[in-house]
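Construct the complete structure from the given sequences, taking the supplied hints into account.
As given, the protein sequences belong to chains A and B, one line each in that order. The numbering used here puts the first residue of the first sequence at 1, with every later residue one more than the last. The numbering used here puts the first residue of the second sequence at 337, with every later residue one more than the last.
Don't read these hints as lab results, they were simulated from the structure. Every residue gets a Cβ at the ideal spot worked out from N, C-alpha and C, and that includes glycine. Among these hints, one or two may not hold up.
Lysine-lysine pairs mimicking DSSO-like chemistry, simulated, CA-CA at most 27 Å apart [claimed, not checked]:
#, chain 1, residue 1, chain 2, residue 2
1, A, K157, B, K568
2, A, K72, A, K147
3, B, K656, A, K147
4, A, K72, A, K152
5, A, K316, B, K544
6, B, K568, A, K227
7, A, K313, B, K417
Over the 12 Å line for every Cβ pair with chain A, so calculated as not near, a few chain B residues [stated by the list, open to error]:
#, residue
8, K382
9, E439
10, M496
11, P523
12, Q524
13, D579
14, N582
15, N621
16, Y644
17, D652
18, K678
19, S771
20, Y804
21, G805
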Amino acid sequence: MGLITVDDLGKGYNTKEESMLRMRRTGGPNAAKFILTDELARPGQDPREELARMLTANPQFARATVNLFWSKLMGVGFVEPWDEFDLARQDPKNLPKGWDVQPSHPELLDQMAAYFRKNNYSLHKLFSAICNSNAYQLSARFPGEWKDSYTKYYARKYVRMLGAEELHDAIASATERPGSFGGRRRRPAAAAAGAQAAAVNNDDPPPQAPVTRAMQVTVPSPTGELKSFLQAFGQANRGTPARPPQPSPLQPIMLIRSSVVNDRVLAANDSRVQRLLDAYKDNGKVVDELFLGTLSREPLPDERLYGVFVLDKNRKEGAQNVQWALLNLVEFLYNF
Amino acid sequence: MLKLKTVSDVMPTRRDLLRYGGMGLAGATVGAMWPLKVRGAENGGKVAPRNNARNVVFYEISGAISHLDTFDFKDNPAVPKDFQVRKIPTGIYFPVNFLPRVEKIMDRVAMVRSFVTHEEVHLRGQYYVQAGRQLNVAFAREIPSIGTVVAYELESRRRMSDTFPTYVSFNLETNQVGALSTGFLPPQYSVFDLNAAQALTGMTLDQKASELIEERWRVLQRFREINRDRMKGFGRHVEAFEDFSNTAKALLTDPRWPAAFKVSDEDRKRYGNTGPGLACALARNVLREDGGTHYVHVCQHGWDHHRYIWDRTKDDNHYKLMSDFDPAISSLIEDLAVTPSKATPGKMLLDETLVVFMSEFGRTPGPLNHMAGRDHHKFAFPAMFAGAGVKGGLVLGASDKDGDKVTDTGWNHKEQPRIENVVATMYSALGIDWSKAIHNTPSGRTYTYVDPLGANGFIPTDELTGIYG
Chain A
1 MGLITVDDLG KGYNTKEESM LRMRRTGGPN AAKFILTDEL ARPGQDPREE LARMLTANPQ
61 FARATVNLFW SKLMGVGFVE PWDEFDLARQ DPKNLPKGWD VQPSHPELLD QMAAYFRKNN
121 YSLHKLFSAI CNSNAYQLSA RFPGEWKDSY TKYYARKYVR MLGAEELHDA IASATERPGS
181 FGGRRRRPAA AAAGAQAAAV NNDDPPPQAP VTRAMQVTVP SPTGELKSFL QAFGQANRGT
241 PARPPQPSPL QPIMLIRSSV VNDRVLAAND SRVQRLLDAY KDNGKVVDEL FLGTLSREPL
301 PDERLYGVFV LDKNRKEGAQ NVQWALLNLV EFLYNF
Chain B
337 MLKLKTVSDV MPTRRDLLRY GGMGLAGATV GAMWPLKVRG AENGGKVAPR NNARNVVFYE
397 ISGAISHLDT FDFKDNPAVP KDFQVRKIPT GIYFPVNFLP RVEKIMDRVA MVRSFVTHEE
457 VHLRGQYYVQ AGRQLNVAFA REIPSIGTVV AYELESRRRM SDTFPTYVSF NLETNQVGAL
517 STGFLPPQYS VFDLNAAQAL TGMTLDQKAS ELIEERWRVL QRFREINRDR MKGFGRHVEA
577 FEDFSNTAKA LLTDPRWPAA FKVSDEDRKR YGNTGPGLAC ALARNVLRED GGTHYVHVCQ
637 HGWDHHRYIW DRTKDDNHYK LMSDFDPAIS SLIEDLAVTP SKATPGKMLL DETLVVFMSE
697 FGRTPGPLNH MAGRDHHKFA FPAMFAGAGV KGGLVLGASD KDGDKVTDTG WNHKEQPRIE
757 NVVATMYSAL GIDWSKAIHN TPSGRTYTYV DPLGANGFIP TDELTGIYG
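Structure, rendered in structure tokens:
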């Protein structure tokens, strides 16, 4: 009994068979090979560890990782899309006839992959190297007329919209109204001890703390408005291949309409807006703080003037509306 | 004649953006990677589109319905005892007990029972249904969905008063591929995918909410004005997002939009208070309002009955899904048939709307598998068509006595029809020349509107003319 092959030209489905989708078991051993090298797992070793060893030992591992994070940080990868390496087109000295080398900057990619390996595959070191580079620190503003053909030279910082998780967390952090993703339930005893720690340092939740940031979610399972919001901005779905964020008018609709934004701008439930109103009598100070907390800058004189005018008319609603408007500005929604 | 287009021709102008849509920044870097020239439609003109429909509704029975227990009924050892299979007036055997209302609309439906597909797993199969071609992961990112191509093609027909997106989908996010991107086409043509149940509350505004939005909008506009100069020089995409957002506000405050998202209690009863039911009611509403939507994709996911297909104790058993499907699709067709078209006086919406419903493949015939279910089967499955002049009651093509292999392809080709031919049929109905191709896509490949290359060689790219009688 061999494998049943099914194709358009074959005999098709035998209605007497139990199922054509389940592979016949022949009883013999089935040795797994590493896809890039056909290397077999060493006998007696844990196949998972063997896979990890082969994967990281392959030069492509460092190159692909570097390209992934370069493309996330810079906006455009050396190989674009970042997960579409053509392995036959990587070595400039050994190319198939008639083909170009695939990466836009093959030497830089190699150097960075070497740096990544040398630093024991430290993502921290890699991020630091990219973010400290002149290329990354270029202004997003381009003097003169931009041409699409300049793109591959990284002649400016490429502006990008925040992803679903980033955006959710940025809104939560600007308004100091954390999200709620359920997930890990706290044991009652750990809860009391954990609550204090969580309040002090949001970056480092204790292992049993509830999930408050979209970034921390391993298996997306939000429902209702939160789900609609995250999906409109291209929430990662770990079950199927990554979906690139889908620009659509749903995004501004969500920003205008969704409770993910609107509940958070309310001066209630110990939100930042509420605490600012409680803490400062001076409306100008409230406006300053709203700008600092949302856009990380002080308001321009005109903005301050208008903000104060809005708050003077109706202090509470005005503050809410200013907070809402700031969250809807391109300056907040994009990474410059 | 060779018509040269530059990318900026394809990109929306500022005015277009104000009319609808725009560029999100996610598309910015991809857009920037485009080659400078997109050669338009040089080799179209080989076919004559029918142009018999203003709208298309595609109802995806996702996960794959058991064709041999429904539309292509075959007597099999597993037929449940409570199935009342009867010969209905259109001459086919039908489980009237479980699709009672669909049976009543079968006189409006033309069936083609001879489909075959390349794919036998859901992700690829559902991609195939949405993109009209096989999934090729190497350049999937540049492939637009069918609805996006429709939106791109119908852009020139949009009226100034149109605020609705051309391509709206319901519950696409529930299937395995989700809503596909616009590929190499501008994000302006993207799908507007809504969860039907959530959209009912999420898209309507009461008086108070409307006033609040207007007030907040004034604050936002003032901040934008102050920053106008500061925000210059970041590229056209940043400017475009504001237009994009203006469009969203215009849509939210267009009285037709909230009107489309009102579903009465009576409708909930008729369509079913379920995902597919609400989606069909909303599809009807969106078309009724005539706000610019012309392609609607409704997805009912969950028909993957590998196990316990006839076990009523299981959540998503076949009975349950049929009971969701039956009122949803039949109410849609019944209502379109009696809803007057706003655009064409004297016509009903169904006269100018082509409705298609089908799965990505069929299910294995014969006895059930060892888990009391049916697996995937790609060699024979049906597609149903209604509206826009389709001749009701037609039954084209046939499968053998088990529902395993096709014995009659149902048209003048020896090859069985495929999704590609449904795509051609829908494009033709909308007046889109489906022999067109776009060259010099980012990968350098040619994008054909209907892909002539099947898994085992060339396939017919004809539309299914037989459904019109």
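Violated hints, by number in ascending order, as checked against the structure: Hints 3, 6, 7, 11, 12, 13, 14 contradicted; others consistent.
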